[in-house]
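K.L.:
Residue numbers (this note's numbering), protein chains in the order written: chain A, 60 to 273; chain B, 134 to 356.
Honestly, the hints are just simulated from the structure, not real lab data.
Any given hint could be a false lead.
What the hints assert, rightly or not - Sample of chain B residues at the chain A side, in silico, Cβ under 8 Å: (1) Val142; (2) Val224; (3) Val225.
To be verified - When the alpha-carbon atoms are kept at most 30 Å apart in a straight line, the in silico DSS-like pairs for lysine-lysine are as follows: (4) B/Lys216 / A/Lys229; (5) A/Lys170 / B/Lys216; (6) A/Lys77 / B/Lys216; (7) A/Lys106 / A/Lys65; (8) A/Lys65 / A/Lys206; (9) A/Lys65 / B/Lys216; (10) B/Lys290 / B/Lys259; (11) A/Lys77 / A/Lys206; (12) A/Lys229 / B/Lys290; (13) A/Lys206 / A/Lys170; (14) B/Lys135 / A/Lys229; (15) A/Lys73 / B/Lys216.
What the hints assert, rightly or not - If you want the footprint, here are the derived chain B segments under chain A, 3+ residues with CB under 8 Å: (16) 213-222; (17) 229-236.
Source: prediction; values computed, not measured.
Glycine residues also receive a C-beta, built at the ideal position from the N, C-alpha and C atoms.
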Amino acid sequence: MNLTLKIWRQENEKAQGKFVTYEVKDISPDSSFLEMLDILNEQLVNKIQLPIAFDHDCREGICGMCSLYINGRAHGPDEGITTCQLHMRKFSDGDIITIEPWRSRGFPIIKDLMVNRDAFDNIMQSGGYISVNTGGIPDANSIPISKENSDLSMDAAACIGCGACVATCKNSSAMLFVSAKVSQFALLPQGRTEAKIISNIARMNREFLCANFS
Amino acid sequence: MKKLFSSSVGQKLIMSLSGLFLITFILVHLLLNLLLLVGPEAYNKAVHFMATNPLMHLMEPVLAAGFIFHIIYATILTLQNQKARPEAYAVVDQSESSSWASRNMYVLGGLVFIFIALHLVNFFFKMKFGVGGDLPKVVYEGIKMDDAYPLVSGLFKVWWYAVIYVIGAVLLALHLRHSLWSALQTLGMNNSNLRPILENISILYAVIIGLGFSIIPIYFLIS
């Protein structure tokens with residue numbers, strides 16, 4: 060496959076960014092989207108140019124690290140997957156693909172397509188609670204949690220905090236992330252649960268400026 | 134209480150509750166208007182009942198407050214939302230994740246507001262305060278009341294007024310298409326079973342209101 064890529068390049072948070080157009084040739088339809096970007100980066104390095112910075116980690120669809128707003132959609136045109144699980148067979152030969160970073164006040168751009176998602180950690184820290192025992196292994200029954208609550212909490216914990224909800228929402232709202240984390244934490248012993256939820260939301264308002272509205 | 138008006142969740146709640154109030158009002162309004170199709174007597178009697186009922190007098194300022202809160206908080210939230218994404222995407226394709234109406238609620242609301250202003254000038258001020266001269270009187274069963282029927286039927290015989298009112302009804306329907314289920318979602322009524330049901334009820338409600346308000350000017354235009 061031969062493709063034209065319009066990729067957002069930005070030196071750092073403060074710099075003015077712009078789209079730069081790249082051509083990639085002979086891409087296998089079976090390669091993943093990130094592999095396609097790897098191939099492009101190799102070409103750039105060979106030409107002594109700076110490679111494109113983009114986030115990725117496990118490349119197994121579970122860590123939530125990869126981002127990318129591809130042709131107007133978070134994680135690209137496929138349904139219910141992260142960008143690392145997107146394959147080039149979803150595109151056609153000769154396509155023009157526009158690749159942008161997550162855009163939100165709460166996610167400042169670090170470089171090119173990488174954004175800083177500390178805001179999510181800050182929200183969790185403001186409301187979440189864990190015991191860190193530095194001694195031996197704690198007794199498994201010291202804080203009993205019902206099977207039902209544990210299952211529901213795990214369901215909510217399926218949110219891997221990738222930021223696609225913020226990237227997609229027209230108001231750049233973190234409401235989906237916060238609601239998943241509130242459910243996840245509130246079902247487990249947290250001490251003052253209500254106070255924690257309010258602090259989650261207050262933190263979200265500070266980080267993202269808005270709630271899901273309209 | 135201070136938090137209610139300043140927090141994002143509180144502001145959403147104000148939008149939801151004022152919206153649900155207006156949604157209820159519009160249905161009452163439509164039912165009354167549909168009496169225009171029955172005839173002058175039914176319509177005039179209903180208008181007279183509304184004008185003389187003490188409960189309606191009580192509800193009028195509440196209704197005005199509902200509109201004002203809804204508009205003010207929509208503006209505050211829309212301005213906040215714009216600040217939340219300082220740099221816009223170059224390419225946006227949200228066709229699969231949201232409806233067009235949901236992404237343009239403020240624009241639709243603004244257009245509906247312009248329509249409401251015209252509507253108040255056309256009817257409300259004339260019926261309520263006698264702006265432009267008192268309405269003719271009519272007597273039914275010994276009770277003297279305003280004859281509001283010719284005011285409405287006369288206006289809708291002007292083809293471009295009829296067109297404006299049909300456009301107003303369509304804009305209102307688009308606004309309502311996203312309103313009902315979204316307002317209920319804000320109150321916590323959302324899960325995978327409930328959501329499709331509420332969305333369909335919303336669409337049905339929007340179609341009923343849109344068609345209902347469209348039928349009236351079309352009826353007078355062609356009759």
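K.L.:
Take the hints in turn and mark each one as holding or not.
P.N.:
Evaluation of the provided hints:
Hint on B/Val142 holds. Least Cβ distance to chain A is approximately 6 Å, under the 8 Å limit. Look at B/Val224: its Cβ gets to within about 4 Å of chain A, closer than 8 Å, so that hint holds up. Checking B/Val225 against chain A: minimum C-beta separation of about 5 Å stays under 8 Å; hint holds. In summary, the hint linking B/Lys216 to A/Lys229 is supported, as the alpha carbons are separated by about 11 Å, within the 30 Å threshold.
In summary, the hint linking A/Lys170 to B/Lys216 is supported, as the alpha carbons are separated by about 21 Å, within the 30 Å threshold. At roughly 21 Å between alpha-carbon atoms, A/Lys77 and B/Lys216 fall within 30 Å of each other, so this suggested pair holds. Between A/Lys106 and A/Lys65 the CA atoms are separated by roughly 18 Å; this keeps the pair inside 30 Å, and the hint holds. Between the alpha carbons of A/Lys65 and A/Lys206 the distance comes to roughly 49 Å, so the proposed pair goes past 30 Å and is violated.
For the suggested pair A/Lys65 and B/Lys216, the alpha carbons sit about 26 Å apart, so the restraint of at most 30 Å is met. Straight-line distance between C-alpha atoms of B/Lys290 and B/Lys259 comes to about 18 Å, which keeps the hinted pair within the 30 Å bound. For the given pair, A/Lys77 sits about 51 Å from A/Lys206 by alpha-carbon distance, which is inconsistent with the 30 Å threshold. Straight-line distance between C-alpha atoms of A/Lys229 and B/Lys290 comes to about 42 Å, which puts the hinted pair past the 30 Å bound.
In summary, the hint linking A/Lys206 to A/Lys170 is not supported, as the alpha carbons are separated by about 44 Å, beyond the 30 Å threshold. A C-alpha spacing of about 27 Å is found between B/Lys135 and A/Lys229, which places the hinted pair at or below 30 Å, so the restraint holds. Taking the CA atoms of A/Lys73 and B/Lys216, the gap is near 17 Å; set against the 30 Å cutoff, the hint holds. Evaluation of the coverage hint for the region 213-222 of chain B: fulfilled, as 9 residues show C-beta separations to chain A shorter than 8 Å, against a requirement of three.
Only residues whose beta carbon comes within less than 8 Å of a beta carbon in chain A count, and the region 229-236 of chain B has 5; three or more means the coverage holds.
Comparing the model with each earlier hint shows violations of hints 8, 11, 12, 13; every other hint is respected.
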